[in-house]
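Chains as they are written, first to last, in the numbering used here: chain S, 1 to 570; chain L, 571 to 888.
Warning: the hint list may mix true and false statements.
Here are the simulated SDA-like pairs of lysine to any residue, each with C-alpha atoms no more than 25 angstroms apart in a straight line [said to hold, decoys possible]:
| id | chain 1 | residue 1 | chain 2 | residue 2 |
| --- | --- | --- | --- | --- |
| 1 | L | K697 | S | P189 |
| 2 | L | K705 | S | K294 |
| 3 | L | K808 | S | Q476 |
| 4 | L | K707 | S | P366 |
| 5 | L | K705 | S | L480 |
| 6 | L | K860 | S | P360 |
| 7 | L | K860 | L | R875 |
| 8 | L | K808 | S | Q119 |
| 9 | L | K705 | S | P360 |
| 10 | L | K705 | S | P511 |
| 11 | L | K707 | S | I524 |
| 12 | S | K294 | S | P189 |
| 13 | L | K697 | S | Q119 |
| 14 | L | K808 | S | G365 |
| 15 | L | K860 | S | P366 |
| 16 | L | K860 | S | P511 |
| 17 | L | K697 | S | R521 |
| 18 | L | K808 | S | P366 |
| 19 | L | K860 | S | D475 |
| 20 | L | K808 | S | I478 |
Read the hints as simulated data drawn from the structure, not as lab findings.
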Amino acid sequence: MSTVTHSPDTTDTELSRLDRLREQHGDRAAILAVAGGALLLVSGLLSWSYDNRILDDVSVRFYPLGIQLYAMLLGIVALALGVLLFRRPQWLNPGRGLRAVGWGSVVFALAGIIAVAYQAGGLINVNEGGWVGLAGAVLVLAGGLLSPHVDLDVRTWPRLPSWAEILVIVVMLGLLLFATAYTLNVDDPATFGCLLITLLAVAIGLVGSGFGEYLGFIGQNNRRPLLLAAFLVAFLFPFTQDGSDANMSIATQILIFAATALGLNIVVGLAGLLDLGYIAFLGTGAYVGAMLSKSAFATIGWNPPFLVVMLLGMLVASIFGLIIGSPTLRVSGDYLAIVTLGFGEIFRLAMFNLDGNNGPDLTNGPNGIPGIPDLNFFGFDFGQTHTVAGIPLGRFSNYYFLLLLLIAFVILVFTRLNDSRIGRGWVAIREDERAAEAMGVNVFGLKLLAFAVGASLAGLAGTIKAHQDTSVTPDQYIFLESAFLLAAVVLGGMGTVAGVLVGATVLKLLPEKARIVNDYRLLIFGLLLVVMMRFRPEGLVASKRRQLEFHEDDEELAEIVQSEHLEEAK
Amino acid sequence: MELAQQLVNGLTLGSLYALIAVGYTVVYGIIQLINFAHGEIFMVGAFGALSTALLFFRSYVDGGEMLPFWALPVLIVGAVAASVAIAVLMERIAYRPLRNAPRLAPLITAIGISVFLQEAVRLLYGKIPSFPDAKQKVPFPQIEVVSGPAFNLGGVTLQRSTIFTVGALVICAAGLFYFVSRTKTGRAMQAVSQDPDTARLMGINVDRIIVVAFVIGATLAAVAGIAQGLQVTNINFKMGFLAGLKAFTAAVLGGIGNVWGAVIGGLTLGLVEALAVQFIPGTFGGSPWKDVWAFALLILVLVFRPQGLLGAKVVDRA
Chain S
1 MSTVTHSPDT
11 TDTELSRLDR
21 LREQHGDRAA
31 ILAVAGGALL
41 LVSGLLSWSY
51 DNRILDDVSV
61 RFYPLGIQLY
71 AMLLGIVALA
81 LGVLLFRRPQ
91 WLNPGRGLRA
101 VGWGSVVFAL
111 AGIIAVAYQA
121 GGLINVNEGG
131 WVGLAGAVLV
141 LAGGLLSPHV
151 DLDVRTWPRL
161 PSWAEILVIV
171 VMLGLLLFAT
181 AYTLNVDDPA
191 TFGCLLITLL
201 AVAIGLVGSG
211 FGEYLGFIGQ
221 NNRRPLLLAA
231 FLVAFLFPFT
241 QDGSDANMSI
251 ATQILIFAAT
261 ALGLNIVVGL
271 AGLLDLGYIA
281 FLGTGAYVGA
291 MLSKSAFATI
301 GWNPPFLVVM
311 LLGMLVASIF
321 GLIIGSPTLR
331 VSGDYLAIVT
341 LGFGEIFRLA
351 MFNLDGNNGP
361 DLTNGPNGIP
371 GIPDLNFFGF
381 DFGQTHTVAG
391 IPLGRFSNYY
401 FLLLLLIAFV
411 ILVFTRLNDS
421 RIGRGWVAIR
431 EDERAAEAMG
441 VNVFGLKLLA
451 FAVGASLAGL
461 AGTIKAHQDT
471 SVTPDQYIFL
481 ESAFLLAAVV
491 LGGMGTVAGV
501 LVGATVLKLL
511 PEKARIVNDY
521 RLLIFGLLLV
531 VMMRFRPEGL
541 VASKRRQLEF
551 HEDDEELAEI
561 VQSEHLEEAK
Chain L
571 MELAQQLVNG
581 LTLGSLYALI
591 AVGYTVVYGI
601 IQLINFAHGE
611 IFMVGAFGAL
621 STALLFFRSY
631 VDGGEMLPFW
641 ALPVLIVGAV
651 AASVAIAVLM
661 ERIAYRPLRN
671 APRLAPLITA
681 IGISVFLQEA
691 VRLLYGKIPS
701 FPDAKQKVPF
711 PQIEVVSGPA
721 FNLGGVTLQR
731 STIFTVGALV
741 ICAAGLFYFV
751 SRTKTGRAMQ
761 AVSQDPDTAR
771 LMGINVDRII
781 VVAFVIGATL
791 AAVAGIAQGL
801 QVTNINFKMG
811 FLAGLKAFTA
821 AVLGGIGNVW
831 GAVIGGLTLG
841 LVEALAVQFI
851 PGTFGGSPWK
861 DVWAFALLIL
871 VLVFRPQGLL
881 GAKVVDRA
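Please build the complete structure, drawing on both the sequences and the hints.
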């Protein structure tokens with residue numbers, strides 16, 4: 001017991017030691033940060049490795065490539081934050097950002113040095129650039145740790161004319177597109193890892209210093225331009241790929257996954273009903289799509305136009321959703337989670353079994369339905385490569401555009417429902433079912449609606465997925481996939497659109513690009529869920545309101561949420 | 571005769587479910603947490619027994635011989651040690667910090683732990699020097715007396731592992747009965763499950779009781795792990811998922827939170843499954859559909875009698 005009672009004291013003294021250092025050397029923090037940033041910038045111009053075969057050649061001086069460029073990027077961000085630290089604005093906290101960038105730079109420099117040393121066989125192969133970079137990173141970190149604490153005053157956010165705000169949004173999204181296209185084309189795993197560290201450090205640094213909130217504020221003021229610009233950027237993405245299908249294939253998978261996860265987000269994030277068998281609805285759509293397709297293995301000899309198939313997929317999935325949702329009247333919480341899990345397993349087993357030997361032949365059993373032909377809309381063949389403005393767009397690009405429409409539709413449904421009376425009813429049910437019922441919310445009807453809407457969106461995505469994958473098999477719809485969907489929702493932030501998009505992208509992209517971690521991805525995934533629930537249960541991108549539900553005793557947050565509500569009411 | 575044979579099969583399966591189900595039910599009874607990772611504790615127990623056999627009875631294992639009967643208690647100790655260690659760590663690191671979190675959080679944590687433990691065994695077990703790779707099925711050592719040729723009682727085949735499983739359930743249930751109703755800790759457990767706050771005021775260390783609940787569940791799951799290994803003669807990293815799900819079904823069937831309910835529910839579920847294989851006519855019968863019937867039973871019970879066969883009314887709690 002004695003250790004327990006003593007530990008707070010020791011952390012107290014440590015804290016005060018850092019505070020004392022801060023008081024004494026606080027004014028030097030900015031100098032340290034600027035110096036560190038400059039060193040990082042310079043290290044990008046120096047050679048990092050003696051051997052030019054490592055990390056896509058970082059041995060050349062004054063011609064930055066790969067991680068040399070990333071070091072320069074970190075340097076520029078640190079410099080900018082350091083300069084801002086001199087100015088001490090009221091609405092920014094450059095110190096916090098510097099701390100994040102500092103930690104990130106240290107990890108980045110160490111990772112770079114270790115990668116060079118490991119691949120070339122010894123620290124001796126690390127050239128001066130690596131060491132200069134490490135020194136710069138340590139200086140930035142020191143500057144970040146020493147910089148004074150700032151109480152942000154959000155009322156002093158500078159207001160720009162609205163065209164300038166829209167310009168900021170477009171530029172940010174353009175940068176995002178550029179970063180995505182660049183990241184996807186990095187093939188060397190170590191370089192890719194360093195790039196991820198860099199991007200993460202920059203992102204956390206910007207968000208930590210208050211830029212994130214400012215951008216969110218701008219985005220809030222210009223919702224429509226933001227959405228339009230986001231879709232424009234997403235629409236332009238295939239044109240950056242030069243007709244290569246490798247990344248487009250990943251992108252289509254991400255879109256299907258994200259669309260399904262958004263559907264799940266209605267059930268889990270908005271209505272607060274935990275569904276552990278959600279993948280079954282995607283499967284329902286996919287099987288409907290496959291059985292009604294022109295595949296030689298399709299078991300139903302009826303090929304309606306694809307629009308009808310989509311509607312049927314939605315319909316069948318939502319009927320399943322209603323069936324599985326009906327117990328919600330009687331069971332709730334954990335029990336509901338298990339009912340849905342059982343349902344998911346029943347779906348998979350049924351698809352596995354219905355091969356003619358056990359029950360009627362509907363699904364070809366374990367072999368599934370292969371050979372599903374590509375879609376064809378009014379003569380537009382999705383299997384063909386089309387050339388637009390000199391840039392070839394392959395098969396996956398075609399599906400990508402279709403899926404983009406799908407996801408736009410899903411986001412539209414999600415946000416309209418969320419902002420409506422129905423959405424408020426869901427929030428009420430999620431927060432306190434009995435109180436909601438007492439206030440006249442139709443609890444049962446709204447819960448069923450959540451299941452039906454969520455399921456129908458997944459079913460819709462499934463019909464497209466069947467054609468894009470060209471085959472449907474039962475082993476695509478195992479429990480683990482449901483867990484992945486749930487993880488995308490939880491990781492990104494329950495009840496938000498942006499969060500789920502981020503979560504889905506991270507979960508699908510990482511295993512594809514970082515092949516080293518591929519074998520360990522499930523292990524990391526499991527650990528990630530545990531750590532997230534422990535330290536940030538509201539997800540990466542959380543709505544303030546949702547955050548409050550997870551941190552009920554945070555008075556400050558409660559006040560912010562209340563003032564936001566008042567603002568909305570005006 | 572067929573009916574008798576299916577009853578024996580159902581009883582074997584049911585005893586296994588019951589042993590695992592107790593773990594769900596004791597933990598749920600005290601902190602209303604579905605410890606979704608409990609199936610993995612069962613799997614870890616089986617691997618613990620295998621590791622013990624590899625460490626202490628290597629020559630038998632390599633020679634393909636049966637282990638002597640006195641190895642059984644050693645294996646049980648090894649299995650229990652592994653399961654209990656993992657369960658206690660899990661409670662301490664992952665669940666305890668979430669004691670007052672919204673209900674969704676611990677459930678998601680449990681899924682995370684479940685995936686993590688499966689993958690840890692799959693990827694890392696073979697990395698331990700001289701241990702077999704666990705990415706596929708691993709043969710489980712067989713032990714004299716409890717494995718070997720089956721008995722034949724008037725046309726009904728009675729496997730030796732069946733006798734071990736049913737016997738283990740009887741012994742464990744008796745021990746549990748004694749523990750819960752006669753010892754001080756057991757009665758403290760009852761008190762905490764009825765009202766944690768009042769129990770705390772009466773001087774009961776609730777945190778300790780929660781750990782005890784995890785330990786009890788892990789112990790029984792470890793025994794079940796050995797029983798499964800003896801029955802199927804091999805184990806794999808995935809064995810905990812389906813078994814855990816079935817055992818949870820059993821716990822709900824019997825009335826979750828009620829220890830005797832878990833035993834009765836386990837036996838009922840095992841019998842229903844065995845009889846469904848035999849007696850559901852047409853193409854929807856047979857073993858491909860038995861899991862479907864088990865889950866259908868789960869859903870029906872949850873919808874029409876969420877308190878289970880023996881349970882108190884817990885609808886609002888869930």
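We went through each hint and held it up to the structure:
no., hint, result
1, L:K697 - S:P189, "holds, 24 angstroms"
2, L:K705 - S:K294, "violated, 39 angstroms"
3, L:K808 - S:Q476, "holds, 17 angstroms"
4, L:K707 - S:P366, "holds, 21 angstroms"
5, L:K705 - S:L480, "holds, 17 angstroms"
6, L:K860 - S:P360, "holds, 17 angstroms"
7, L:K860 - L:R875, "holds, 21 angstroms"
8, L:K808 - S:Q119, "violated, 36 angstroms"
9, L:K705 - S:P360, "violated, 35 angstroms"
10, L:K705 - S:P511, "holds, 19 angstroms"
11, L:K707 - S:I524, "holds, 23 angstroms"
12, S:K294 - S:P189, "violated, 41 angstroms"
13, L:K697 - S:Q119, "holds, 23 angstroms"
14, L:K808 - S:G365, "holds, 22 angstroms"
15, L:K860 - S:P366, "holds, 17 angstroms"
16, L:K860 - S:P511, "violated, 35 angstroms"
17, L:K697 - S:R521, "holds, 17 angstroms"
18, L:K808 - S:P366, "holds, 19 angstroms"
19, L:K860 - S:D475, "holds, 18 angstroms"
20, L:K808 - S:I478, "holds, 13 angstroms"
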